[in-house]
Amino acid sequence: MKNFAQLFLSLDETNKTNEKVKVLKDYFNSVPDSDKMHMLALFAGRRPKRQINATLVRNWAIEASNIPAWLFEESYQVVGDLAETMALLMPQHSGNSSKTLTDWIGEINALGDKTEEEKKLWLMESWAMLDSSERFVFNKLLTGGFRVGVSQSLVVKALSEISGIAAPALTHRIMGSWMPETYTYAQLMQDESPSDDISRPYPFFLAYPIQETSEKQRSAEELKIILGEESEWQAEWKWDGIRSQMIKRGGEIFIWSRGEDLATDKFPELHPFLHALPDGTVIDGELLSFREGKPLPFNVLQTRIGRKNLSKKILEESPVAVIAYDCMEYNGEDIRHKSQDERRQILERLHAVTPYPEIFNLSKLITFTTWDQLGEIREQSRAMIAEGIMLKRKSANYQVGRKRGDWWKWKIDPLSVDAVMIYAQKGHGRRADLYTDYTFAVWDGDKLVPFAKAYSGLTDAEINKVDYFIKRNTLEKFGPVRTVKPELVFEIGFEGINKSTRHKSGIALRFPRILRWRHDKPKEEADTLETLKGFLGE
Amino acid sequence: MPGFVVYTIFLLMAKPLLEFTDKGIYCAQGKFYIDPWKPVDDAVITHAHADHAYPGNKRYLAHHHSREVLLYRLGEINLQTVEYGEPVIKNGVRISLHPAGHVIGSAQVRVEYHGQVWVVSGDYKVEDDGISAPFEPVPCHHFISECTFGMPVYQWKPQQLIFDDINNWWRNNQQQGLATVLVGYSLGKAQRILQNLDLSIGKVYTHGVIENTNEALRRNGIQLNPTERVTPDSSKEEVRKGIILAPPSSVGTPWMRRFQPYSFGYCSGWMAIRGAKRRRAADRGFVLSDHADWDGLISAIDATGCECVYLTHGYTATFARYLNEIGYNAREVHTLYGDDEEVLPQPSDEEASPKPSLKERALKDAVSSSSPSFGEGRGEASSAEEEPL
Chain A
1 MKNFAQLFLS LDETNKTNEK VKVLKDYFNS VPDSDKMHML ALFAGRRPKR QINATLVRNW
61 AIEASNIPAW LFEESYQVVG DLAETMALLM PQHSGNSSKT LTDWIGEINA LGDKTEEEKK
121 LWLMESWAML DSSERFVFNK LLTGGFRVGV SQSLVVKALS EISGIAAPAL THRIMGSWMP
181 ETYTYAQLMQ DESPSDDISR PYPFFLAYPI QETSEKQRSA EELKIILGEE SEWQAEWKWD
241 GIRSQMIKRG GEIFIWSRGE DLATDKFPEL HPFLHALPDG TVIDGELLSF REGKPLPFNV
301 LQTRIGRKNL SKKILEESPV AVIAYDCMEY NGEDIRHKSQ DERRQILERL HAVTPYPEIF
361 NLSKLITFTT WDQLGEIREQ SRAMIAEGIM LKRKSANYQV GRKRGDWWKW KIDPLSVDAV
421 MIYAQKGHGR RADLYTDYTF AVWDGDKLVP FAKAYSGLTD AEINKVDYFI KRNTLEKFGP
481 VRTVKPELVF EIGFEGINKS TRHKSGIALR FPRILRWRHD KPKEEADTLE TLKGFLGE
Chain B
1 MPGFVVYTIF LLMAKPLLEF TDKGIYCAQG KFYIDPWKPV DDAVITHAHA DHAYPGNKRY
61 LAHHHSREVL LYRLGEINLQ TVEYGEPVIK NGVRISLHPA GHVIGSAQVR VEYHGQVWVV
121 SGDYKVEDDG ISAPFEPVPC HHFISECTFG MPVYQWKPQQ LIFDDINNWW RNNQQQGLAT
181 VLVGYSLGKA QRILQNLDLS IGKVYTHGVI ENTNEALRRN GIQLNPTERV TPDSSKEEVR
241 KGIILAPPSS VGTPWMRRFQ PYSFGYCSGW MAIRGAKRRR AADRGFVLSD HADWDGLISA
301 IDATGCECVY LTHGYTATFA RYLNEIGYNA REVHTLYGDD EEVLPQPSDE EASPKPSLKE
361 RALKDAVSSS SPSFGEGRGE ASSAEEEPL
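Protein chains in written order, with this note's numbering: chain A, 1 to 538; chain B, 1 to 389.
Among the clues, some could well be false.
Claimed, not checked - The list that follows gives simulated cross-link-like pairs (lysine to any residue, SDA-like), each with its CA atoms no further than 20 Å apart:
| id | chain 1 | residue 1 | chain 2 | residue 2 |
| --- | --- | --- | --- | --- |
| 1 | A | K465 | B | S249 |
| 2 | B | K157 | A | Q92 |
| 3 | A | K157 | A | N18 |
| 4 | A | K409 | A | L362 |
| 5 | A | K477 | B | R321 |
| 6 | A | K338 | A | P168 |
| 7 | A | K2 | B | D165 |
| 8 | B | K157 | A | L9 |
| 9 | B | K157 | A | S94 |
| 10 | A | K471 | A | W517 |
| 11 | A | K465 | B | G252 |
| 12 | B | K90 | B | N78 |
| 13 | A | K22 | B | R321 |
| 14 | A | K16 | B | H114 |
| 15 | A | K22 | B | R171 |
| 16 | A | K471 | B | D51 |
| 17 | A | K224 | A | F205 |
| 18 | A | K465 | B | D51 |
| 19 | A | K471 | B | V333 |
| 20 | A | K22 | A | I105 |
| 21 | A | K22 | B | N78 |
| 22 | A | K394 | A | Q373 |
Because the hints were derived from the structure by calculation, they are not lab data. Please read these numbers as outputs of a predicted model, since none were measured by experiment.
All chains, please: the whole structure from these sequences, using the hints.
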């Protein structure tokens, strides 16, 4: 565990990609193979199952820290991370445990059938034998909130440099539902045909934004320079649903989300169409709610994502279908090396024979001859319930991860209003102990009505200034929330707007974020609720 | 006339010896202020940091070792300096300075009148840093204390462990051909670092602001290890082998960038928290503070035996509540202290790393049912802020 704790410290201590890779390689080279696989699983977002209820962990940590519960809560507000708060509050000492990461995960997994007293005894003893940096990563394992500041691609890069196996191959091998307890490092190294595991998805190919922000509009001339001839490109709508990979192999079906979660059971409507596909087929596409052949806004789909049980009512109100746009495997053969054009033809052939055309939709190609013309078509995105336009090079193969060059997304500009900040709350992680989560309001007569929360969009320097303002202009404190003197005005961007009965303002925004700080506007000139509701009609 | 005496005592009791005004901490009986932030006639200064020593006062009283730094920072001022424990009487009120251990020349101000004793801590730490006169608890009735790090998550390690880390980091940089830039504020932290570095590793170079402070302290008779000011003529190769001490204001400036390639370390108590450390984007964060940590604050307050403690800056509300719960009489007071030199500079841009969209998060949280978030909906599973380093 010392190595694993040190890995965390070392990753924290550099912002440079090359050094992070070096740190990762040092780690791989210093731990047993079983630890390598556990680490890989954790960094790929597979956290161990939570064996002790979060409230119990918290209560026992308060006991071990010997402070009142309210002070523990306030400490958490300052630190912004529960595992770290617990690690810092307990008595400091140097650890004397030589257990490995594998040992600890094994112990955690074995807790399942223990009594509450046994769990407590084990936890108190474990905390007592770890130093504060080990305790931090241990708490992360235990509470399951395991996130690391390193992308999976960096971990794969380090592993690739050590093993000599190409990164795309490794990325593919660690997709899907393997378990670090049963999939060994030796197997990973020798796994020549990863699709032997019939559930294993391919790594998704992800698009780069062609324009970084809405403020930097791309002109037709610029697109010409970046992308070249129009005829080399295929354009489609960028659908606003759940990116998914659908697999039919060996008579079984699997639906994977982009977050590498197996979501097969979440979408029963898709099962018949998937079963009707020939064996050895993998399709890439977007899941959306549909009614009468038309996609519905994302918030309709959202009503069912969180549900554990899909009631009849939900299935009726938010029926899901697929808009397919790529095919990675056909007749059991990996066809990712084929061109976009060829893969599209294969996809069209699959679509042509499906008995479920109302479930298996094809992403229509947009015909255009000039970039100017495509720019005009892009203006209709919102009406199409799309987020913008996707551009794919006709000669491109299907690549691994986010790659610049062959797949681009060209999103529509967000809607926006000017709003006044009225509440603030402290952030987490890197922004702990800084006020970074704000609630914004617009005018309704002479009242300010809150309508959105946003916590991103400002630079670190701006956040520091806003934080300074908040700390000196607090009107009231409600637990962690501060009511702030209404004064600062921000332009709030959002992707969509819907009626809502749950919010005071009567509306709910999709992806609200801060576009910029309007130093030039006094609060009186912020927008009104009426303006905001005007967007509902669109 | 016993009635008159009782009335006089009543008046004396009604008017506390020190009060908190909009100009600073005021002694009406002695007609002087302690660390005033608006111009007054008589100012007693705990230490020379900018949030405690403001310009514009008619007369200043401070410790001998603050003399040259105050003159350097505030220009021509009317300044009287004294030794620790040496009494000064103002309008019948007895004033004396006592070591605060915060920086060189820093003092607690003891104020006594008719047997009533108040102590103003200024800023302080309880660990002996080897360069400032070590903190001495001063028994008093009323103690006015800072609590910059008045949260239990702040627990310092002995400084020797931190300096071992710093020296090892420097050695390591040297082997890799990296320049070593260590950031700490110019009065106090810089000298504490300077006196505790392993000078067998190499030479110590300084930013102009720090070297000016060093020179002022040397004029004051303080013995400091040798340093060399970085100038446009400094040999890049030589500087690279040494360690460069820089103030927080230099982070991310062209001045610092010219040492590239370098590793940049930051010395501050705020480095105890991972989020704060990542926000500074320093290569290394060293948890080294000139303020007392949680246990240090409590032990210092306890050692005064005071009837009442007033908390001026830091986590005042939380700390006051806790002290009251464990049997002290603690109050929060409002001052302008604390915008001090331990406040950190703007971080530089960090490497951007892709993070999953909100949508992916929402789905992920929905699919993995084993992720209930912690109380009040503030669980980490729902926080989008944890991802990038």
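task = Starting from K157/B, check that the Cα of Q92/A is at most 20 Å away, please.
result = 9 Å, holds
Straight-line alpha-carbon gap K394/A to Q373/A, limit 20 Å = 19 Å, holds
message = Check whether the Cα positions of K338/A and P168/A lie no farther apart than 20 Å.
response = 16 Å, holds
query = Given the proposed pairing of K471/A with D51/B, does the C-alpha separation stay at or below 20 Å?
reply = 17 Å, holds
ask   = Do the alpha carbons of K22/A and I105/A lie within 20 Å of each other, as the hint requires?
value = 25 Å, violated
task = Please work out if K16/A and H114/B have their alpha carbons no farther apart than 20 Å.
result = 63 Å, violated
query = Within 20 Å, alpha carbon to alpha carbon, are K465/A and D51/B?
reply = Status holds; Cα separation ~19 Å.
Satisfaction of hint between N78/B and K22/A, Cα-Cα up to 20 Å = 58 Å, violated
message = Holds or violated: K157/B and S94/A, Cα atoms, limit 20 Å.
response = Holds - the C-alpha atoms of S94/A and K157/B are around 11 Å apart, at most 20 Å.
message = Check whether the Cα positions of K157/A and N18/A lie no farther apart than 20 Å.
response = Holds, because 10 Å separates the two Cα atoms, which is no more than 20 Å.
request  = Sort out whether R321/B lies within 20 Å of K22/A, counting only the CA atoms.
outcome  = 47 Å, violated
key: Restraint status (C-alpha distance of K22/A to R171/B at most 20 Å)   = 19 Å, holds
Violation of the numbered hints given earlier is confined to hints 13, 14, 17, 20, 21; the remaining hints are satisfied by the structure.
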